[in-house]
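Enquirer: Please dock the two separately framed chains into a single complex, following the hints provided.
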Amino acid sequence: MRHPAAQAALPGDTVVALPVSRNRGFRYLLRRYARNRLALVGLWVVLLIVGLAVFAPWVTQYSPIKPDFFNTLKPPDHAHVMGTDDLGRDVLSRVIFGTRTSLLAGVISVGIAVLIGLPVGLVSGFYRGRLDDVLMRVTDAMLSFPFLVLALAITAALGTGLGKAMIAIGIVFTPQFIRLARGQVLSEREQNYVEAARGLGAGDTRIIRRHILPNILSPVFVQASLATAAAITAEAALSFLGLGTQPPTPSWGSMLNIAQAYLGSAPWMALWPGLAIFITVLAINLTGDGLREALDPRLR
Amino acid sequence: MPRFLARRLLLTIPVLFFVSLIVFAIVALIPGDPARIMLGEEASREALEGLRKEMGLNRPLAVRYVIWIGHVLRGDLGRSVRDGRPVLETMAQKIPVTAELAITSIVVAWAIAIPMGVLAAWKRRTVVDYAATTVALTGISIPNFWLGIMLIYLLAVNHRLLPPSGYIEPWIDLSRNLRLMVMPSIVLGTALAALVMRLLRSSMIEVLSTDYIRTARAKGLADRGVLLRHAMKNAMIPVATIMGLQLGGLLGGAVITETIFSVPGIGRLAIEAILTRDYPMVQGVVLFAATAVVLVNVAVDLVYALLDPRIRLEEAA
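Residue numbers (the numbering used here), protein chains in the order written: chain A, 1 to 300; chain B, 1001 to 1317.
For reference, chain B alone in the conformation it holds in the complex (with noise of 0.2 Å):
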């Protein structure tokens, strides 16, 4: 296992450094002057200077790179452009409202996903395989910003059942911030959940034609104890394992869903930073977004590892 383990930490040593490469590229690629774009026309030649030196626009872009990725190792993301304050802070903030939301999305995703995964595998191409696939399907392609505006028109303009936007943290007022995350948990879980139900029907059907089950069957025991005990354990497993790209999405999606419901979240920052052309706080999300993905990776693969021997014996040989 510990061999496993370093392996896999030494790959993830390249593709981090091309992942701090392309946030660098973000700023590196601004056509014109980076500071003059930031500050705007109006900005004053010191505020200019000041701001070229700061981020050592004047030096090679190799010299800069180094600068950038040694403060960052040390957990320096540099400062905002807009309100002058440490982007580690700021996200520091914002990252449990998108965490809060990741989990509640999850849990609608998976509480979708799972019995209608497991249905339509086992009544295979009969109505209810056919009902849940195209649903399935809906969900992956109806548009989550399209989703979000029709759900605050139906349930918050039209039948005042929920409150259309906004956030409270869960310790100031614990059923007013769930009554709040209702609309986008449903708006960021749809596609995912669509996802995880495709995926377990396939994983699902799969493990029921194995030799285990049908010993379990000819045991005798009941069609439930069979999919819940002995198959539902096994066809997991792929779910589990994208959980990397689970959340890839989700923090993709983060960026509509707050957007949309305004969640003052990660996602919510990135395109206030994006449309106020604060560059260092685009790199500091990108770079936590990328990170974070890579890392819950790594998670997976060893947790995946210490579940499963035959993959450390894979990787040994």
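Only chain A is shown next, with the shape it has when bound in the complex (with noise of 0.2 Å):
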């Protein structure tokens, strides 16, 4: 998708009104979104469990961490809708209170990834040279090792806990914004808004930031989106495993690994932090399918 800003670059032009431009775009864009069904449903139960997340302690009726030995492992009823667990909490409030542990590890850690890979990807790509090739082969490099093992042996250095299971994850996902970045860049440089804004006198700094950046981030918010939904599985993997969020703090992951002791006696614990995650990533993979069939012109 071209920025409006590239058309107005083009010397001899009109100066393009970018806020109504950009208006224009964004309501086609969402025209565009609105046709695909599952995506739009998609994006409903997102901002549901954004909702959850932001009011968790409104919509919840029990403490997630405050443990109640009258009433370990009770079934699902009236008063516990999703039963309890080994210590008696409410399951419910914990599913609920997880989607905020969920949605930080994805957010934060695509955050670390974007931050990181798109930059180096923009100036890899624009200068090209000795630097593009080291960078490509340490990603090349990155990229080979399967991305779960990585995220667990960079845990293994740093240490458990939220924090250092995002910034594994973020670190596991930077070659694939940096390459991502890099690809876009390589096609956008060779464009003539480029060399007409090297023509009127820019450097090299105003051209990445004003001209290439903007038409580049289309796919980098679809990679994000998708990226998301991993990174949610992947806190989740390694809170499972023990390695990242740490009890008592309610994540999907650790309810899961605790949950599987009591299987054959409270199936519910098991049930419901999984069924959490699985909406949760789904919803999101349809939103960021959406997202990208709405902004790709090879797709319309």
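There's no promise every hint is true.
[As the list claims (entries may be wrong)] SDA-like mimics (lysine to any residue), calculated; alpha carbons at most 20 Å apart, straight line:
hint, chain 1, residue 1, chain 2, residue 2
1, A, Lys164, B, Ala1025
2, A, Lys164, B, Ile1026
3, A, Lys164, B, Leu1275
4, A, Lys74, B, Tyr1153
5, A, Lys164, B, Pro1031
6, A, Lys164, B, Leu1029
7, A, Lys66, A, Leu92
8, A, Lys164, B, Ile1037
9, A, Lys164, B, Ile1022
10, A, Lys164, B, Gly1032
11, A, Lys66, A, Pro76
12, A, Lys164, B, Ala1028
13, A, Lys74, B, Asn1158
14, B, Lys1094, B, Glu1169
15, A, Lys66, A, Val81
16, A, Lys164, B, Arg1277
17, A, Lys74, B, Val1157
18, A, Lys164, B, Glu1272
19, A, Lys164, B, Asn1158
20, A, Lys164, B, Glu1169
These are calculated hints, taken from the structure and not from any lab test.
Expert: Spelled out as structure tokens, the structure:
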């Protein structure tokens, strides 16, 4: 998708009123997105989950952390719709508070990956040369590691905990953003509008920041949304293995880890957190796929 | 062909060099004293000094890397901090178990993905296609650790159809080995099946619109013949070329699957090594995983070039 600034940069062109054009572009995007029913459902579910995360203390009846030893392993009933766990805590409250951990992990890990990957990819693709060669071999090497194995290895070095898990996942996701940004820059830098900007006297930094960056943001945004789903699964996997979020903080992965021991007596402990991960990841994947379809000119 | 092979192998060297640097960095990244972290707070001064000396922790990082990579190139991955056994020896015992799991998972994945992918492409934009695509999206979104736990609950705890977990070598009791492998293979194969199905569907759609397929149909060949004998051969090429990616996914998934089902393979070894801070073992397993992916990618490229002369010509040009 060409940013309106790109057209405005051509010499001899009339100046385009950016806000109006942007607004129109956004409305057009929304219309295209809304045509995909599944993507729309996905977006609504994502918004609902975000709402639950924000308003968790107001929509839950019980503390997600405080044990209640008189009510351990209670099956679902009116008081506890999803039952209680081994320490008598309400599973529904823990699942709702778990949305905070999962969304935080997804957004921050992908944020780390984009913040490192995007500038590195931009510079690598714009300047090419030896730096680009070395960076590409490093990303090749990083992409050779099975993603969970590398995340585990980094967690092994950094130590356990949600923060460290987010850093590990962020590092593992970085090469895909370097690759994506570099690939986009390689095709954009040959475009006429870049040449025009250079002809008007713009320096490298200005060309990268003001002209190329806005034009490569769409695919980065799509990739980031899909990576968020993968990051949420990765955080849950690390917590499930005992290396991510530590108890008593509610996290879907660590809830499943504990639930394994009570599979025969309290299967609800395993059912709900797993279902929560599945629905969240599916909804984000649907949203990401919808965004890709709406933004990708080839799919139009 | 020799030129292509040489070029491809040469390109692998810098990648493997950076792979080794990253694996080495795992220990270099550890904040504080790695020897104390590995041996614990109660370790004696002699034991700590011994480990520091063995790992060369008193020397500069660059020197440590050169010594470490020298040992690795000679097949010496060090000794486990836990049981003192050579890392390579322990890994050699575990690799066949993971290999068996990987093969059975690929069988499960392809058995689901190939008919579904072909059908979805053949019946494009029909209920069949939408159903197959939805199943694939579900397969990608479902967390494998949850799928594993739910399968144990349904098939082992509730209905007692299969043993819940464990492993026995196939040459000791093949039937029990296969029964134990059913659930781990389904869990590990599901995500792979989704990936293969999506790829096969799109490559099949592309192949079905080519001229030679139209010719085959015009000659009056039956749908089945066109699909299986003409279209499948070419549509499978992209699926085969992502073997490296598939192997990476399998090795990553094996960590989870082997932990849930108590399968003593390389994935469970990785988790045990991480939880007990056995860094030489962690390095060994991680190095093995990445090297395996790099080498499989080289092998796939070579087979691809053998099958399709255009690749060699493009490279030579």
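Enquirer: Work down the list of hints and note, for each, if the structure agrees.
Expert: So, going through the hints one by one against the coordinates:
no.: 1; hint: A:Lys164 - B:Ala1025; verdict: holds (16 Å)
no.: 2; hint: A:Lys164 - B:Ile1026; verdict: holds (14 Å)
no.: 3; hint: A:Lys164 - B:Leu1275; verdict: holds (15 Å)
no.: 4; hint: A:Lys74 - B:Tyr1153; verdict: holds (18 Å)
no.: 5; hint: A:Lys164 - B:Pro1031; verdict: holds (12 Å)
no.: 6; hint: A:Lys164 - B:Leu1029; verdict: holds (13 Å)
no.: 7; hint: A:Lys66 - A:Leu92; verdict: holds (14 Å)
no.: 8; hint: A:Lys164 - B:Ile1037; verdict: holds (17 Å)
no.: 9; hint: A:Lys164 - B:Ile1022; verdict: holds (18 Å)
no.: 10; hint: A:Lys164 - B:Gly1032; verdict: holds (16 Å)
no.: 11; hint: A:Lys66 - A:Pro76; verdict: holds (19 Å)
no.: 12; hint: A:Lys164 - B:Ala1028; verdict: holds (16 Å)
no.: 13; hint: A:Lys74 - B:Asn1158; verdict: holds (19 Å)
no.: 14; hint: B:Lys1094 - B:Glu1169; verdict: holds (11 Å)
no.: 15; hint: A:Lys66 - A:Val81; verdict: holds (18 Å)
no.: 16; hint: A:Lys164 - B:Arg1277; verdict: holds (16 Å)
no.: 17; hint: A:Lys74 - B:Val1157; verdict: holds (19 Å)
no.: 18; hint: A:Lys164 - B:Glu1272; verdict: holds (19 Å)
no.: 19; hint: A:Lys164 - B:Asn1158; verdict: violated (38 Å)
no.: 20; hint: A:Lys164 - B:Glu1169; verdict: violated (38 Å)
The earlier numbered hints that this structure contradicts are 19 and 20.
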